[in-house]
Every structure is written in structure tokens, then in C-alpha cells.
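Respectively, the protein sequence lines represent chains V and G. Residue 414 in this note's numbering sits at position 414 of the first sequence, and the numbers go up by one each step. Residue 597 in this note's numbering sits at position 168 of the second sequence, and the numbers go up by one each step.
To be clear, the hints were calculated from the coordinates, so they are not data collected in a lab. Check each hint, because a few of them may be wrong.
[Claimed, not checked] Below, in silico cross-link-like pairs of lysine to aspartate or glutamate (EDC-like), each with a Cα-Cα straight-line distance of 16 Å or less:
| id | chain 1 | residue 1 | chain 2 | residue 2 |
| --- | --- | --- | --- | --- |
| 1 | V | Lys172 | V | Glu211 |
| 2 | V | Lys187 | V | Glu72 |
| 3 | V | Lys311 | V | Glu211 |
| 4 | V | Lys420 | G | Asp489 |
| 5 | V | Lys420 | G | Glu510 |
These are the residues of each chain, in order.
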Amino acid sequence: MLAHRLALRNLLRHRRRSGFTAAIIIITMALLTCFQGLSDGGHQAMIQVGVRMGLGHLILSQQGHAQDPSLERLISGGPQALALVRASAGPLAQSAVPRLRFSAMAQAGAQQIAVTASGVDPALELPVSGIADARAIVQGQPLPTGGATDDDRAASGQAGLPPLVLGERLAKALDVRIGDRVTLTVKPLGGGEFARAAFELHGIFRTGIQELDAFWVELPLPQAQTLSRSGQGISHLALYLQDERQLAALQERLQPVLQARGWEAQTWTEAAPELNSAVAMDAAGMALLMVIVVVVVVAGILNTVIMSVLKRHREFGVMLALGSSPGLIVRVVLLESLYLAGASLALGLMLGLAAHAHFATEGLNFREVFGTGLEAGGVLLPERFYSLLNPLKLAGVAVLILVLTLMVSLMPAVKSGRLKPIEAIQHHA
Amino acid sequence: MPDSAIFQAQGLHKRFQQGDVQVHALRGIDLRIDAGEFVVIAGPSGSGKSTLLNLLGLLDSPSEGQLLFGGRDVSRLSSSELSLLRRDALGFVFQAYNLMPVLSALENTEMVMEFQGVPAAERRQRSMQLLQQLGLAEQMHRYPDQLSGGQQQRVAVARAIASRPRVVIADEPTANLDSATAIALMELMQGLNRDQGVSFVFSSHDPLVIQRARRVILLRDGQLVSDQAQDAGEPAARAEGRELPRRAASPSPALA
């Protein structure tokens with residue numbers, strides 16, 4: 001009781017010194033909480049953008065396809081494969097979508113550009129794909145989910161032509177507009193003559209990802225299979241999770257199917273290493289910031305403790321002379337540090353959480369604040385993204401600061417407890 | 430019959446290094462102080478008063494010689510045993526009061542009892558009673574910086590005796606007080622000695638203090654030059670310059 005009273009009152013006695021140290025801790029903890037939320041929110045947005053832009057949390061393909069993505073290595077029997085994967089994944093996978101991707105040459109008028117053609121099922125893509133998202137389509141329409149009817153085609157002026165959507169930069173390079181004819185040329189499965197098919201430009205999308213906007217076309221899966229003469233083959237089965245943390249569990253559950261069918265699975269981090277690196281780099285930067293913050297906070301506390309202890313040698317000497325145990329002196333010094341750090345961290349945390357609550361509901365409009373978009377790993381972040389806090393990570397930092405506070409305070413505390421009373425009283429009299 | 434001696438010193442020497450010079454502060458002190466005594470250790474500056482008081486207060490150890498406290502050889506005690514002895518058997522009054530600035534007068538008075546583990550209600554009651562006796566009923570909730578020097582020293586006396594020590598060690602307790610306050614404080618300590626049997630050993634070179642002691646131990650250059658009983662309140666003319674009969678290691682006539 002006496003130790004608590006002495007510790008608290010000593011902190012209040014030197015209000016300016018305690019207040020200054022507390023202010024440093026409060027501000028740094030508040031900023032750390034706020035930045036941590038924005039950083040994790042930014043990472044989440046980056047991952048979501050990456051996952052939604054043609055990837056998936058887990059991508060299944062025929063063994064060797066990731067290294068050599070040719071039409072020779074396709075998953076045969078697309079509908080059956082899809083049904084099998086859905087059954088095996090169960091509720092872990094929110095959705096599973098088949099895709100057929102291959103290299104092609106896009107031509108419009110005199111312009112020719114090498115592209116990646118992606119055959120998709122528009123109805124399945126709609127809830128998971130950023131390209132199929134109506135917000136990504138800047139001109140025209142997304143691929144029709146029920147398949148383009150003859151009436152649609154007649155209305156568009158390109159009767160009989162299947163629809164196709166492509167990126168904004170590609171449209172500019174090909175100099176095409178909605179309704180224009182775009183021809184895809186591909187070396188089909190089994191070799192032989194190049195296969196060619198004409199499509200009607202149905203929509204133009206903008207994702208912010210260079211690779212997609214400049215070199216990507218999407219067309220209905222049946223047309224892609226017909227063009228590439230791959231029957232019902234698909235190159236990928238992309239799985240999307242409700243909760244990204246279930247990825248390992250899903251992989252484990254699908255393992256028997258992968259082995260039986262000779263398939264392989266890639267996580268989004270493997271499929272998009274640049275994006276993964278960007279997230280990892282940013283997270284490392286945040287970790288470095290955390291280390292700096294922790295060092296600043298701990299140094300502030302150490303400074304306060306040392307100043308406080310040095311100025312009170314005489315008081316400690318008197319206490320020891322009167323029969324106080326050295327342990328009581330140690331407790332007083334440690335409690336002072338704990339109270340100062342604990343109260344300041346709690347206040348800083350409250351301020352930081354208030355800022356987090358604001359950014360978690362209102363979001364941060366990066367372009368509005370900084371005048372430019374934020375790009376990382378080839379992914380342009382959405383203009384507005386939301387703070388996301390990992391309570392465990394934050395609690396870990398707070399506990400680390402408290403533990404470090406105790407550690408750095410221990411030495412001056414123990415030294416104070418070991419003072420020789422007569423020297424402490426005389427030397428500071 | 431139990432031995433009434435609190436302190437028994439034989440051949441006490443204290444040497445310490447001061448820069449390049451070795452100071453021989455005490456040169457063979459023999460003395461005995463019994464329970465209930467009211468003793469002043471007098472002498473000019475540098476005579477070794479404070480050094481001797483530090484030894485008697487178990488705050489320092491002799492370089493040579495033997496000091497018994499309650500019959501126990503203090504040189505054989507560990508620092509934690511000495512700490513416990515100081516807590517339970519000694520009270521201290523310092524020249525500069527040395528109250529805890531963050532504790533009120535009442536809390537300062539309770540502090541040593543808190544070290545001892547006296548229950549809160551009992552130490553509160555004892556402290557309040559003591560502060561009332563010492564005329565500090567109105568000031569007991571004030572902090573040291575809200576008290577005058579005399580009031581602070583009375584709180585220090587209350588703190589020293591509240592834990593019911595065998596002896597109170599007071600190092601020049603009146604040095605920072607004006608004459609009237611110093612006399613009042615001495616009368617207070619005399620009263621506590623007379624009425625409650627609290628033993629006092631204090632150092633001073635102030636005649637006002639010395640003349641109120643019932644026994645005066647005079648030091649000069651680290652040696653005990655006289656040890657004399659006197660009637661308290663008697664003028665201290667004899668304190669300096671006049672040779673007094675030595676009483677080292679003999680029972681106090683007052684308690685004999």
C-alpha cells in the first residue's frame with residue numbers, strides 16, 4: 001500500500017516531468033494504433049484487390065501448369081472438376097470458379113497486341129472478381145451473366161459475335177470502342193493452324209493493375225474453350241474464402257483430391273509474389289516503426305526513472321535508515337514506471353482506438369489526403385480503404401512496452417534499494 | 430536481573446578515506462548508554478559526534494573495536510538484520526528533518542509502523558494521538574512543505590517514537606531551528622523521556638541543547654574527553670573546557 005502511495009504521489013509531485021514523458025507515450029501509442037490500423041487495413045485492401053483481380057485465395061491447376069502455362073496442361077472435364085472441388089472444400093470455400101487462360105493475339109484494325117485471354121463464367125465471377133464488378137467497367141457492360149442473346153448481339157450491331165471485355169489501356173492501344181470488333185488469334189490445343197475468332201467489344205474495365213488494364217481480355221468460358229479447342233478443359237479452378245485464415249485448413253482438406261487428380265494448388269501469395277512482397281515490405285516497415293516507437297517510449301521512461309531516482313537518493317537513504325526493506329524501494333521505483341507507462345499507454349490506446357474507429361467506418365481517402373493513388377506490388381489500392389486492427393498484435397505491443405519498462409527500470413530500482421543509507425543521506429544533503 | 434545497557438562500546442575506531450587523506454574520525458571510544466537515558470554527545474565541528482552517532486544508529490560500522498546493541502555484537506549482523514534492528518529498536522531524528530515530501534504529517538508518522546507491519550487502524554490511532562500530544566492536531570494532514578521547521582521537526586520526533594523504539598538517535602535536531610523552537614523541541618523530548626521513558630541520544634554543539642541533557646559526552650578530535658551527568662536545565666558551563674570525570678562503560682547513575 002505504502003509503495004503504491006509513494007509511487008503515485010512521486011509521479012504527481014513532478015508533474016512537468018511525468019507529464020512530458022506521459023505525453024510522449026500517449027502520442028506515440030495513439031499514432032502507432034492509428035497507423036497500425038491503416039497499415040493492416042491497407043494490406044487487407046491490397047490482398048483483396050489482388051485476390052479479386054483474377055486470382056483467388058487458392059488456385060488449383062494441373063501439375064506443372066504454374067511453371068509452363070500451356071494448353072497442354074489443362075484440367076479436363078471442367079464441370080465435373082468444379083463439382084468435385086466444391087464437394088471437397090465444403091463450407092470452407094465461399095465460391096469456386098473455373099477459368100481458362102491462354103496467350104492470344106488481339107487485333108482490331110491494323111493494331112495487334114499480345115494479350116492474356118481469360119475464359120470465365122460471368123455468373124460465377126460476378127461475386128468474386130474485380131474485373132466483372134460493374135464498378136470496374138468504365139464503358140459498356142460486364143460480360144452478360146446469362147450469356148449474350150441473339151437480340152443483344154443484334155442490338156449491338158455485331159450480330160452473332162460473342163461478347164468480350166478488355167482493359168482501358170488495351171482499348172486505347174487497339175483504338176477500339178464499345179461495339180467494335182476485336183479478333184483473337186490463338187495457337188489451339190493439339191497444334192496445327194492458328195485459330196481465330198471475332199468478338200464484339202462489350203465493356204472496357206479499369207482495375208488500376210497495369211497487367212490487367214493493358215494486356216487482359218475476358219470472354220465467356222464456352223467461347224474460350226471453342227477457340228482454343230480445349231473441349232471442357234480449364235486451366236484454373238479458383239477458390240475464394242470467407243475468412244482468409246482458413247486457407248491452410250482448405251489446403252489440407254483438398255490434399256487428397258489434388259493427389260488423386262495430379263493437380264497442384266497455389267496460394268495467392270505464391271501466385272502473386274510481387275503483391276505478397278509489397279505487403280511483406282510494408283508490414284516490415286510498420287514493424288520497424290513499431291520498434292522505433294517502443295525504443296522512444298522505453299527511452300522516455302528510462303530517462304524519467306533515472307532522473308527521478310537520482311533526485312531521490314536522499315529520500316531512499318532516509319527510508320533505508322528508518323528500516324525500510326530494499327524490496328520496498330525497488331517496488332516503489334518499479335511501480336512508478338508501471339503506473340506512468342500503463343496509464344499513458346491506456347490513454348494513447350484510447351486516442352488511437354478513437355482514430356481507428358473513425359477510419360474503420362469512414363475510411364481514409366488516400367487520393368483526397370495525399371493527392372495521388374497508392375500503388376504497391378502492381379496493385380492500385382482502392383481510393384478509400386478502411387482501418388483494420390489486430391487486437392492481439394496491439395496488445396502484444398502494449399505488453400512488450402510494459403515488460404521493457406519493467407526491465408529498464410529494474411536496474412535503477414535495484415541500485416536504489418542497495419544504497420548505503422548513510423552515504424545516500426549525506427551525499428545529497 | 431536483565432542488563433539495562435542499550436549500547437556498550439569498547440575501543441571504537443573509525444577511519445575513512447577523504448580524497449587522498451585518511452581521516453581518523455574516532456580514536457578508541459569506550460562508553461555505555463542505558464535504557465531511559467537522555468544523553469547528548471557534544472563537541473566542536475569535526476570532533477566525531479556525527480560519526481559516533483552513525484555507529485550508534487547502526488548506519489555505519491566501526492573500523493575497529495566492538496559495539497554491542499542490546500548485548501548483540503553489531504559487527505556480526507547482516508545488513509538486513511541491521512535494517513530490522515533499526516526499524517524495530519531505533520528511532521531517528523535528522524538535522525534536516527528528512528520527512529517524506531509526498532506524505533502528510535500523519536502518514537510520515539505512520540511510515541515506520543507501516544514498515545513494521547502494524548495494522549492500519551492501530552498505527553493511525555497511535556499517530557493521531559502522538560501528533561495531538563506534540564501539538565500538531567491541526568497540521569496532521571498537511572504535507573512537509575506546508576509546515577514550519579519546528580513543526581516538521583516535531584513530526585520527525587513523532588515518527589521516531591511512534592514505532593516504540595528502545596532509543597531515539599537525533600543528529601543535531603535543533604540545528605535548523607530558532608532558539609525558541611529549539612528550546613520547545615528539547616522540552617518536548619525531555620518530556621517524552623521523563624514521562625514515557627523514551628531513551629534519547631543526540632548530538633549537538635548548541636549550549637541550549639547541552640544544558641538540557643542529563644548526561645553529556647564530550648568529544649574532541651575523535652576522543653572522548655569527558656562523560657558527565659548533570660541536572661537537566663543546569664547551565665552548560667561545564668560542558669567545554671572543564672575536565673569531567675569519565676563514566677565510560679559504567680551504568681548511568683540516573684538509572685542505577
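For this session: Hints the structure violates: just list their numbers, smallest first.
Result: 3
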